[in-house]
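Residues in the sequence shown are numbered consecutively from 5, following the working numbering.
One should not assume that every hint holds.
Unchecked claim - Derived lysine-lysine pairs resembling DSS-like cross-links, with alpha carbons at most 30 Å apart:
hint: 1; residue 1: Lys117; residue 2: Lys47
hint: 2; residue 1: Lys222; residue 2: Lys114
hint: 3; residue 1: Lys85; residue 2: Lys117
hint: 4; residue 1: Lys97; residue 2: Lys47
hint: 5; residue 1: Lys136; residue 2: Lys152
hint: 6; residue 1: Lys117; residue 2: Lys136
hint: 7; residue 1: Lys136; residue 2: Lys97
hint: 8; residue 1: Lys199; residue 2: Lys152
hint: 9; residue 1: Lys222; residue 2: Lys278
hint: 10; residue 1: Lys190; residue 2: Lys152
hint: 11; residue 1: Lys47; residue 2: Lys85
hint: 12; residue 1: Lys85; residue 2: Lys114
hint: 13; residue 1: Lys286; residue 2: Lys222
hint: 14; residue 1: Lys291; residue 2: Lys232
As the list claims (entries may be wrong) - Simulated DEER-style distance windows between Cβ atoms:
hint: 15; residue 1: Pro57; residue 2: Gly35; range: 23 to 29 Å
hint: 16; residue 1: Gly297; residue 2: Pro58; range: 51 to 57 Å
hint: 17; residue 1: Gly13; residue 2: Gly338; range: 53 to 59 Å
hint: 18; residue 1: Arg127; residue 2: Ala277; range: 46 to 52 Å
hint: 19; residue 1: Pro167; residue 2: Asp285; range: 34 to 40 Å
hint: 20; residue 1: Gln171; residue 2: Arg298; range: 49 to 55 Å
Simulated from the structure, these hints should not be mistaken for lab results. We put the CB at the ideal spot given by N, CA and C, even for glycine.
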Amino acid sequence: MLRPPARHGYRFLVCPDAELLRRQAAVLAEGLGQRPGSEVARKVFWGDEEPFPPAYWGELTTQNLFSTPTVLLLRRAEALKAEVWDRLGEGLKNTASTVLPVFCLEGAWKEGKAAVPNFLPRRTFWQAAEQKGWIWQSPGLTDASLPKFLDAWAGERGLTLPPAARQALAAALPRDGLAAGLELDKIELAAGDGKLITPDLALLVAPHGDMEFFDFMKALAESSRSAKAAREVWARVLDDHLRPSGDKILFQLLGYVAWQARQLWMLCEGEGAKVRMRPSDKPVMLKMAQRLGRAGIARIIELTLDANLAVIGGTRRPDDALESYVAELAALMGGGKPPAPQASGGRRP
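Construct the complete structure from the given sequences, taking the supplied hints into account.
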């Protein structure tokens, strides 16, 4: 009698960077291949989907008809409630031998600590994964991890990366796996057949930056008078276009601006004592509130609602909405007159 194939176990990938997660999942898939180039299936479910996708359980426990190895990814698993994890713990006991369940915990790290739900380390299946080395953790691309990321990139492609070039690239690259990978593809092409990475190639890295939203708003306000501020704003918008759909800033920006508009309104109405923000920021915001006045602040709120409804209603793509929204905010906050509101016949597409 043939013995059934051994189970692959399961894995936890703990990292806030979607691209680094994808690469690690690809490494796991390679490890499942019975021979180089052999087929490995990949199926993805989402832990923040409500209700939890019922089809996941069938994929977890049903044996593949052709014994094709399958990487069963559960993205954003940090959103799962304790009772779902308990059910998963039971399900892992009956996992099909062809399936490798992979749980991706993608929350942002805080103070160097991974975003792992506090109840999870008490579960037996987590403790077993720790003992067997089935947990991979990374804070994403940081000042500390980027040199190692660059060494791995150079080693995979047979490139020569002197320390000075590594240092220059580490200073220039965005702290995002996808964006950094695209920039490094460009650097590799520029290196040519010599395959030598020189420090000056770091100048090819496009301007980028996850500016704090306060800094983004400040740059918007200065963009009509400062070419540098305008470049910062639009470099951030272009950088956003390169990101995976789950990592776009539009709705984060809309939420922040809506909150900021409320603060501006309170400052404009003389209620600055009730506004909570860093003391060093308040004079800047007070000056902006006084310059915009009630009409300008009301227009910021209207622009924010328009952009939100346009995307949710499907009349505008997020990338297009972001460009238009930023352009109108820049014109308004940069000192221009508040644009006239739309007629009541409907919102702009």
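Status of each hint after checking the structure:
no. : hint                           : in the structure
1   : Lys117 with Lys47              : holds, 29 Å
2   : Lys222 with Lys114             : holds, 26 Å
3   : Lys85 with Lys117              : holds, 20 Å
4   : Lys97 with Lys47               : holds, 20 Å
5   : Lys136 with Lys152             : holds, 24 Å
6   : Lys117 with Lys136             : holds, 21 Å
7   : Lys136 with Lys97              : holds, 16 Å
8   : Lys199 with Lys152             : holds, 19 Å
9   : Lys222 with Lys278             : holds, 21 Å
10  : Lys190 with Lys152             : holds, 19 Å
11  : Lys47 with Lys85               : holds, 22 Å
12  : Lys85 with Lys114              : holds, 20 Å
13  : Lys286 with Lys222             : holds, 12 Å
14  : Lys291 with Lys232             : holds, 21 Å
15  : Pro57 with Gly35: 23 to 29 Å   : holds, 26 Å
16  : Gly297 with Pro58: 51 to 57 Å  : holds, 54 Å
17  : Gly13 with Gly338: 53 to 59 Å  : holds, 57 Å
18  : Arg127 with Ala277: 46 to 52 Å : holds, 47 Å
19  : Pro167 with Asp285: 34 to 40 Å : holds, 39 Å
20  : Gln171 with Arg298: 49 to 55 Å : holds, 51 Å
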